[in-house]
Each structure stands twice: as C-alpha cells, then as structure tokens.
Amino acid sequence: MDVHNQLRQPRILVLEDSHLDAELIREHLETLKPVPEIRYAQNRKTYEEALDGDDYDVILADFSLPDFDGMSALELARDVAPEVPFIFVSGILGEEVAIESFRQGATDYVLKQRLIRLPAAVERALAEARERTERRDAERQKELLVRELSHRVKNTMAMVMSLVRRTVKTSSSLDDYVENLLGRLRALADAHALLFETNWNEAELLEVVRRTLAPQDRGTGRVRIDAGPLTLLAPKAALALSMVLNELATNAVKHGALSSEHGTVHVNWQTDSKGVLTLRWEESDGPAVQLPEEAGFGMTLIERSVRYELNGEVRLEYLKTGLVCEIGIPLADLSG
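The numbering of the sequence shown is UniProt numbering, which starts it at 1 and goes up by one.
Wrong hints could be hidden among the right ones.
[Unchecked claim] List time: in silico SDA-like cross-link candidates among lysine to any residue, alpha-carbon distance up to 25 angstroms:
hint: 1; residue 1: Lys-142; residue 2: Arg-130
hint: 2; residue 1: Lys-236; residue 2: Ser-305
hint: 3; residue 1: Lys-236; residue 2: Val-314
[Unchecked claim] Ranges of calculated distance between the beta carbons of each label pair, as one might list FRET restraints:
hint: 4; residue 1: Arg-8; residue 2: Met-71; range: 28 to 36 angstroms
hint: 5; residue 1: Thr-300; residue 2: Val-80; range: 57 to 65 angstroms
hint: 6; residue 1: Lys-320; residue 2: Arg-224; range: 18 to 26 angstroms
hint: 7; residue 1: Ser-64; residue 2: Gly-105; range: 14 to 22 angstroms
hint: 8; residue 1: Pro-215; residue 2: Thr-271; range: 45 to 53 angstroms
hint: 9; residue 1: Glu-131; residue 2: Asn-311; range: 15 to 23 angstroms
hint: 10; residue 1: Pro-66; residue 2: Arg-132; range: 28 to 36 angstroms
hint: 11; residue 1: Arg-124; residue 2: Met-161; range: 52 to 60 angstroms
hint: 12; residue 1: Val-160; residue 2: Trp-200; range: 49 to 57 angstroms
Everything labelled a hint here was simulated from the structure, so no lab data went into it.
For each residue, glycine too, the CB sits at the ideal point set by N, CA and C.
Build out the structure end to end from the sequences listed, making use of the hints.
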C-alpha cells in the first residue's frame, strides 16, 4: 500500500443539524491519526453544496434532519459520490431502518449514545475504501496491459506474415528461404527479448547493436563496435533498427566482408547539433562489391524501415573496399 496515501489527511463531510452533537462527533474524529479535515452541513442546501463542491473520503450523516431525512441524504450521496463510504450517526435508528440503509448502500451506522465506536467505524470504512480503490486500479491496469499485449501481438504477427511472404518471393531455393526466414525471425525474437528485459521501456542502442550482430560475429572480433553517445530507443525504434542491422549483417555474411576470411565490419554512431543520429556501417577487406541491378528484399526492408518506421534516411555506397551504409535518424523519432 502506498504509505503517502495511507497517511494522507482524510476529508470527512458531517451532516448534522445539532451544534452540540457536531462538536461531540468532532472530538471523537480528532482521535484519528492523522486528524481528518472536517466540513459540516446543517441542512439539505448546505449538504448539496458540499457534495458538489468537493471530494470526500467519508460521509457521516444524522438520520433525522429538519428539512429532509437520512435516506434522502444517502440517495444524494450515491448519485454524486457512489464510491465514498456513508455512515449514519444517529440517536434513533431502528433495526429495520438500519437494514434498509445497508440495502441502499450505507456502509455502517453508529448510535450517538455510543460515539466511542465512531473512530473505529471511520477507520474501517477508510480501509475498505482504499482496498476497493486499489483493487479497481489493479483491474484497470490489467485491462490496459491485456489490450497493449493484444496490440503488440497483432503487430508482431503482421510483421512475421510480411517477412514470410516477402522472403518466399526473394529466395532462390528452399534452403535459402529457411536460412533467410530464420535469421529474420531470430533478429525479431532477440529484439523482443531485450525489450521484455527492460519491461518494454527504452532500450540502449549499444545493446541492440551488440545483440543483433552477435550471431554473425560469433566471437571472432570481426565486427567492431565503437559506441557513440548513450542513446535510448523506444520499443518501435529498437525493433526497426534490429531488423535493419540484421539485414546488413546477413548481407555481409553472404556477399560482403564477412563472407571472406579477413573481412571486417565497423559500426559506430554520432549525434550532431541538429538532433540527428548518424549510424555508420562500413565493411572492409572483403570481396569487391558493386551496385546490384535491382534491390533485393533485404535492402528494401532496410530503406522502408528507416524511412517509414524511423522517419530517417539511408545512404548506400558500393565501394571497392566494401559496402558503406549511413543511416540518419532524428533523435526525437528514436525516443518517441
């Protein structure tokens, strides 16, 4: 339980037309810790004004009042503040009336002849109200989490289905298809695993790069990462960058620097004064590369992910020394 909420000064509305009885009620309420803030109402008009003008933790009401009765006061309270505990404090409350008041939503009743019971009744009502609020908040949080999970699962399944369809179209054989698809699904799964570890909050760019490239490097040290400034990624950005890096690494293994014995990959990033992060992928000492006649699905995925998921730009250079890919992304689109 939140200690701050537990110790917060309760606000109590007292509906009582007798000044003497109101003073006796106040004396008993002031034995509570913390001492409550009390507002008084003497008739229907002041009671309605009090209900409309403020929020209360407990309502205490006499049953016999000059211009209306306690059941009417209870009905008004149920309409305006249905979650607030309502306790009758009366000198004339028979058993039948008490039972009917409970049916109508009253929390408890205390006879004026036994006001010594009042602090305990108020404390019990406050505790029960807190428990109901916490239970309701927990249910709301659970509903939000279920809806969010459902949304993420649908998005993930849509991405998986797209990967399956597009990988089929661009694979030359069954083995090629299986290898490409498994690599992309592994990258997607690794990115999700990292986000689950962060409770689906922001993930560090360095950790995303490391995890995505580790399967292709296999501890050889041929993939060198020079970390730039600490950069936190929102879940959407982390997933998109993970897929982009996986495509670059897969291409390097099949056709680029990592396909040869001595080839290497260098990854680094920097930010500038305009709030743009530039991530650079540079391959060296691999086979000579040249501009392909048509873009494959991997390069299409890279360009579309950066442009549409991250609002960024991609620049590719097919140099004799190896592929160079520079990705520029506004920092605002990485964290938001």
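Going through the numbered hints above, which ones does this structure break? Give me the numbers in ascending order. Going through the list in order, the structure violates hints 8, 9 and 12 and respects the others.
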